[in-house]
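Undergrad: The primary structure of each chain is shown beneath.
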Amino acid sequence: MRKRTISAVLGVLGAMLFAVGLFSGPAGLSPDEQWTALFDRQGVAGTILWDLRLPRLCMAVLSGGALALAGLLMQTYFKNPLAGPSVLGVTSGATLGVALVSLGGVAMGAGLGVVGTVAGALVGSWAVMLLLGAVIGWFRSRSALLIFGLMIGYLTGALVTVLQAGAEAGALQAFVVWGMGSFGHASWSGVLVLAAVLLIAALWSIRHRHDFDMWMLGSLTARSMGVNERGLTYGILAMTGALAALVTAWCGPVAFLGLATPHLVRILYRQHGAGSLIAPVLLMGMVLALFADWTVRFTAIPLNAVLSMVGAPVVLWLLLRRSESTAR
Amino acid sequence: MKTEPTSREGLTLHHLELARPDLKGMRINAALSPGDFLVVVGRNGAGKSTLLQTIMSLLPPAQGEVWLGEDQVAELRPRDRAARMSLVTSTPPRHAGITVRATMELALRAAGLPVDRSSVEDGMKRAGIAVWADRRLDHLSDGMAQRVMVARAALQGREVMVLDEPTAFLDVVGKEDILSQLHHCRTSGTIVVLASHDLDAVAASGAVTHWLHLHPGSGLGSTFHEGGFAVQEAREALRREHR
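Sequence lines, in order, name chains X and G. FYI, the numbering for the first sequence is 0 to 327, going by numbering that gives the first Met the number 0. FYI, the numbering for the second sequence is 0 to 242, going by numbering that gives the first Met the number 0.
One or more hints might be untrue.
Computed spacing ranges between beta-carbons, pair by pair [to be verified]:
1. X/A304 <-> G/L112: 49 to 57 angstroms
2. G/D115 <-> X/A143: 38 to 46 angstroms
3. G/L112 <-> X/A311: 43 to 51 angstroms
4. X/S142 <-> G/D115: 50 to 58 angstroms
By construction, these hints were calculated from the structure, which means they are not laboratory data. In this text, a Cβ means the ideal position worked out from N, Cα and C, and glycines have one as well.
Please take these sequences and the hints and turn them into a complete structure.
TA: Dropping the structure here:
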């Protein structure tokens with residue numbers, strides 16, 4: 000019951016944020032104008048609604064869902080509540096990939112525009128996911144994995160700086176703006192691709208929801224319960240890598256959504272499994288992203304600044320609370 | 000309590016050799032019938048965990064086969080095997096936030112059985128864990144969590160339960176609880192295979208019908224004893240090993 004009520008409230012909140020985002024903005028359009036433009040797509044109002052606001056809102060919704068799901072999958076796979084695409088360096092890998100294409104002008108990618116950016120991000124994030132998958136067995140403690148992710152972040156950051164130092168002014172400026180994060184650079188093609196990938200990842204996750212819970216009992220126990228370890232591993236690595244890469248390619252390296260959303264869901268829903276959280280996490284991620292985008296639009300603070308100001312205290316609070324209750 | 004429809008079959012280890020270089024040449028033969036309780040003893044590194052994982056077909060053997068009735072375990076589909084055999088490891092889950100009830104439901108899912116309330120309640124009552132039904136696994140003590148894992152295994156793989164030192168992290172009472180739980184499984188026809196260093200506690204439970212001594216590198220390899228667990232004999236045998 001509690002679960003349904005919260006989901007309903009979140010759903011209404013999300014719909015309201017979506018509507019506010021769609022029908023308000025600096026253009027000063029009248030309600031009548033907007034209402035007609037929504038259906039006939041004509042004139043300036045039509046362009047603003049259909050080419051600017053709608054794709055931006057859709058991108059926010061999809062990115063929020065994608066990062067939140069990626070966060071949940073990573074926290075499950077690594078059995079680590081502090082895992083997430085930005086924490087473990089997956090976003091950094093994607094950023095490096097984008098930087099190589101947009102700043103370094105990697106021969107193949109330079110002429111390809113957005114396809115090159117997406118390809119760069121995918122290669123970068125999958126490389127980091129593969130690396131994480133390969134080294135997970137080495138780490139006895141859970142914090143070691145996080146430090147590993149942090150170091151990947153530093154390394155890729157250093158390489159990005161090198162690329163930035165050698166880049167021309169125009170490309171550099173575009174890269175810096177991209178790096179602040181925004182759902183506003185969205186195109187319909189980007190929205191469609193991300194929607195398709197998110198749909199596949201969500202369906203795959205729901206199909207394997209019981210496997211996730213078995214996995215949390217321990218890898219060996221999960222295998223003895225019939226879980227296909229290799230399938231689960233490659234599935235999670237591929238899905239989270241793709242989700243994080245696509246969001247990064249279009250919206251920049253978006254911080255904290257992946258890490259923080261599953262925790263907010265756990266606290267609100269009082270559910271602490273993995274499988275039962277998939278749908279709520281998707282919903283919560285979408286609402287949070289819409290809320291963050293609303294804040295960005297009405298305060299002009301860049302997205303990553305907004306998310307970090309909210310996300311960092313949340314994570315710190317989690318750390319403190321966790322070390323109190325479960326010191327193991 | 001419901002009668003269980005599964006027909007029970009014996010577990011046979013046939014010329015089994017473990018796939019670990021230092022255990023080469025250690026041949027293991029054993030034949031167990033429904034209701035048998037086998038204790039695997041051996042020094043640290045003797046291959047107890049490797050043997051248990053090989054029995055579950057989670058590790059391939061270097062040679063030989065494991066049979067469950069007419070089926071070779073390695074050829075069972077993982078889901079089918081999960082419905083017949085279950086494993087409990089020495090470390091209880093410490094990061095799983097699902098409830099005890101949800102854990103029991105997972106056992107039924109793994110076994111391919113319908114997830115109905117009464118089976119879950121029965122399983123929890125039998126194991127004496129019903130009072131914790133709505134508590135989170137990661138909020139239980141190691142001993143409590145391990146009892147839940149044994150109950151989970153009993154509900155899941157009803158023909159064979161394989162346990163790798165499930166009492167390693169438990170206090171005296173926790174050990175007794177787990178062993179009496181296993182005794183109960185045995186009397187209802189499950190084959191129990193238990194690796195343990197707790198010779199006295201295991202002997203005191205009075206449940207053991209067979210024991211297997213692993214002593215790689217001693218020429219003999221392994222010794223399979225039928226008919227009760229002679230704790231003194233086991234202790235002597237372990238002492239005689241020159242390693």
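Undergrad: Check each numbered hint against the structure and report the violated ones by number, ascending.
TA: 4
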